[in-house]
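Participant: Assemble the complex: chain A is given as a structure, and chain B must be docked to it using the hints.
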Amino acid sequence: MSLDALQGCLAAEHAAVYGYGVLGGVLAGTTAPDSADQVLAAATYVEHRRRRDDLTALITSRETEPVAADPAYEISGKVATPAQCRALARLLEDRCAQTYADAVSRCVGSDRELTARGLTASALRLVSWGADPEPFPGLAEF
Amino acid sequence: MLGAGGLVLLTGPVACSARDETRADGASPLADPSTDDPDVALLTAAIQQEKTLLALAVATLRRHGDQARVVQPVVSRQRAHVTRLTASLTEPPALRRGPPPVVLRRAPAALKILRDQVSTAEQHRLSDCLDATSGLLARLLASVSASHATTVEALRSRP
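Here the protein sequences come in this chain order: A and B.
For what it's worth, the working numbering labels the leading residue of the first sequence as 1, then goes sequentially.
For what it's worth, the working numbering labels the leading residue of the second sequence as 1001, then goes sequentially.
Among the hints, a few may not be true.
Covered stretches of chain B (chain A as the covering partner; in silico rule of three or more C-beta atoms under 8 Å from a C-beta of chain A) [said to hold, decoys possible]:
hint : region
1    : 1080-1094
2    : 1133-1145
3    : 1149-1157
With beta-carbon atoms standing in for the labels, derived distance ranges [said to hold, decoys possible]:
hint : chain 1 : residue 1 : chain 2 : residue 2 : range
4    : A       : THR30     : B       : SER1157   : 31 to 37 Å
5    : A       : THR64     : B       : ASP1066   : 39 to 45 Å
6    : A       : ASP4      : B       : ARG1105   : 49 to 55 Å
Interface residues of chain B toward chain A, partial, derived using beta-carbon atoms under 8 Å [stated by the list, open to error]:
hint : residue
7    : ARG1069
8    : VAL1070
9    : PRO1073
10   : LEU1126
11   : CYS1129
Please keep in mind that the hints were generated in silico from the structure rather than gathered at the bench.
Only a predicted model underlies this, so the values are computations on that prediction, with no experimental measurement involved.
Note that beta-carbon positions come from the ideal geometry of N, C-alpha and C, so glycine has one too.
Just chain B, same shape as in the assembly:
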């Protein structure tokens, strides 16, 4: 299902929230052209943060290649998050370019920073989930938040 207002309705085998339901005339509520859709702003900010986190994970992997067993899966999941969230918008979001991430020389310290940033993202996506108007967007954000939680644990328990 496509929404022309900036959001692509996320399909899934679930019932939808009232806002996600298709109207009797066949149009999706999200199909109303509205650049003011709060979900679009919420999602754009989320993508920006997830891309920043992806950049940090990639930089950490480059600097600490010996930690690839732990960090490569983080990069893969993070890339999937950015791709899926971006696909939820009908147009690529206008993102600002941030400074390149700084990765510390010592691997344990670098991994702790990565873990802390993933933990922060977990909380932000949960907060976004609660703020989202679309139930299906909330579902996606809750899942991303849950994924971050598992990443935090994986980074915490690394050998």
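Bound conformation, chain A alone:
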């Protein structure tokens, strides 16, 4: 059960890496190189890549094939302005938060800790991208 949950987290990280690649490209063309949005996007991209690689290594270490990234992901809505980039970033983080929260319920031990920390990281990034702090990040039912 834990492995399925971790594979879900890995799939979410694949999507996030793709999404940040897209919005990073848009920001590069629409904002100054050292703008707050570009700095945040670059740091977040690195963070999602690190989590993707860590999850890939963890799943592989359990003699299981890690889920592969899709060739491309459908992005709903237009992403052409910094505001639209921030909205996409919030969407990506919200989906990651929900995926990690789901995984927390299905994991135990060190896997549960890893996924709980992933939830916290996404909740913090959501706020960094302009969302208001929520009482229950990652829980869609509230």
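Facilitator: Just chain B, lined up with the frame of chain A:
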């Protein structure tokens, strides 16, 4: 789903841990009457701590009304945490009444104390999450912990 053993199973659009799964006979494992359920004790202690934190946030807001823009959302989230956690028990927990919170006269110092207490709660809820037997309770506690983390950042970056 209701559990008669002291915990209400928290519903969500997720698969459940082995302990949360409904048995073939339709009963929830948490429906076994058991006042010894470790999750009940864990949750009761968590509610006590969250209520204490709520009292501190409310007292800070009362004393430093000029900080309402920062502190009112903390109070609102904290109230939501207490309400949701309490709703996870089938009966109201027996909580001890603590002393009234002390709020310092200077706003920056008062807010730092509030931030430190929220940070401590963040760590405690994460620890509770790891200790919880119920996967769905763990999920709720992880979310509360994550919420506290965002509050710490909000209080740290206040203007």
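Participant: Does the Cβ pair A:THR30, B:SER1157 satisfy 31 to 37 Å?
Facilitator: Once the Cβ atoms are compared, 25 Å apart, the range 31 to 37 Å for B:SER1157 and A:THR30 is violated.
Participant: Taking 8 Å as the limit, does the beta-carbon of B:LEU1126 come near enough to a beta-carbon in chain A?
Facilitator: Hint holds; B:LEU1126 Cβ to chain A Cβ min 6 Å, cut 8 Å.
Participant: Given B:CYS1129 as an interface hint, is the shortest Cβ-Cβ distance to chain A below 8 Å?
Facilitator: 5 Å, holds
Participant: Tell me if the beta carbons of A:ASP4 and B:ARG1105 are separated by a distance inside 49 to 55 Å.
Facilitator: Since A:ASP4 and B:ARG1105 have Cβ atoms about 54 Å apart, the given range 49 to 55 Å holds.
Participant: Tell me if the interface restraint on B:VAL1070 is satisfied: Cβ within less than 8 Å of some Cβ in chain A.
Facilitator: 11 Å, violated
Participant: Holds or violated: 39 to 45 Å for the Cβ distance of A:THR64 and B:ASP1066?
Facilitator: Because 56 Å falls outside the window, the suggested range is violated.
Participant: Would you say the region 1149-1157 of chain B counts as covered by chain A, given the rule of at least 3 residues with C-beta under 8 Å?
Facilitator: With 5 residues closer than 8 Å to chain A, the region 1149-1157 of chain B meets the three-residue bar; holds.
Participant: Under the criterion of a CB-CB separation shorter than 8 Å, is B:PRO1073 in contact with chain A as hinted?
Facilitator: 7 Å, holds
Participant: Would you check chain A against the region 1080-1094 of chain B, counting CB to CB pairs closer than 8 Å, and say if three or more residues qualify?
Facilitator: holds (count 3)
Participant: Tell me if B:ARG1069 is really an interface residue toward chain A, meaning its C-beta lies closer than 8 Å to one of theirs.
Facilitator: Check failed: Cβ of B:ARG1069 comes no nearer than 12 Å to chain A, outside 8 Å.
Participant: Check, residue by residue, whether the region 1133-1145 of chain B contains three or more positions whose beta-carbon lies closer than 8 Å to a beta-carbon of chain A, and give the verdict.
Facilitator: holds (count 9)
Comparing the model with each numbered hint stated earlier shows that hints 4, 5, 7 and 8 do not hold.
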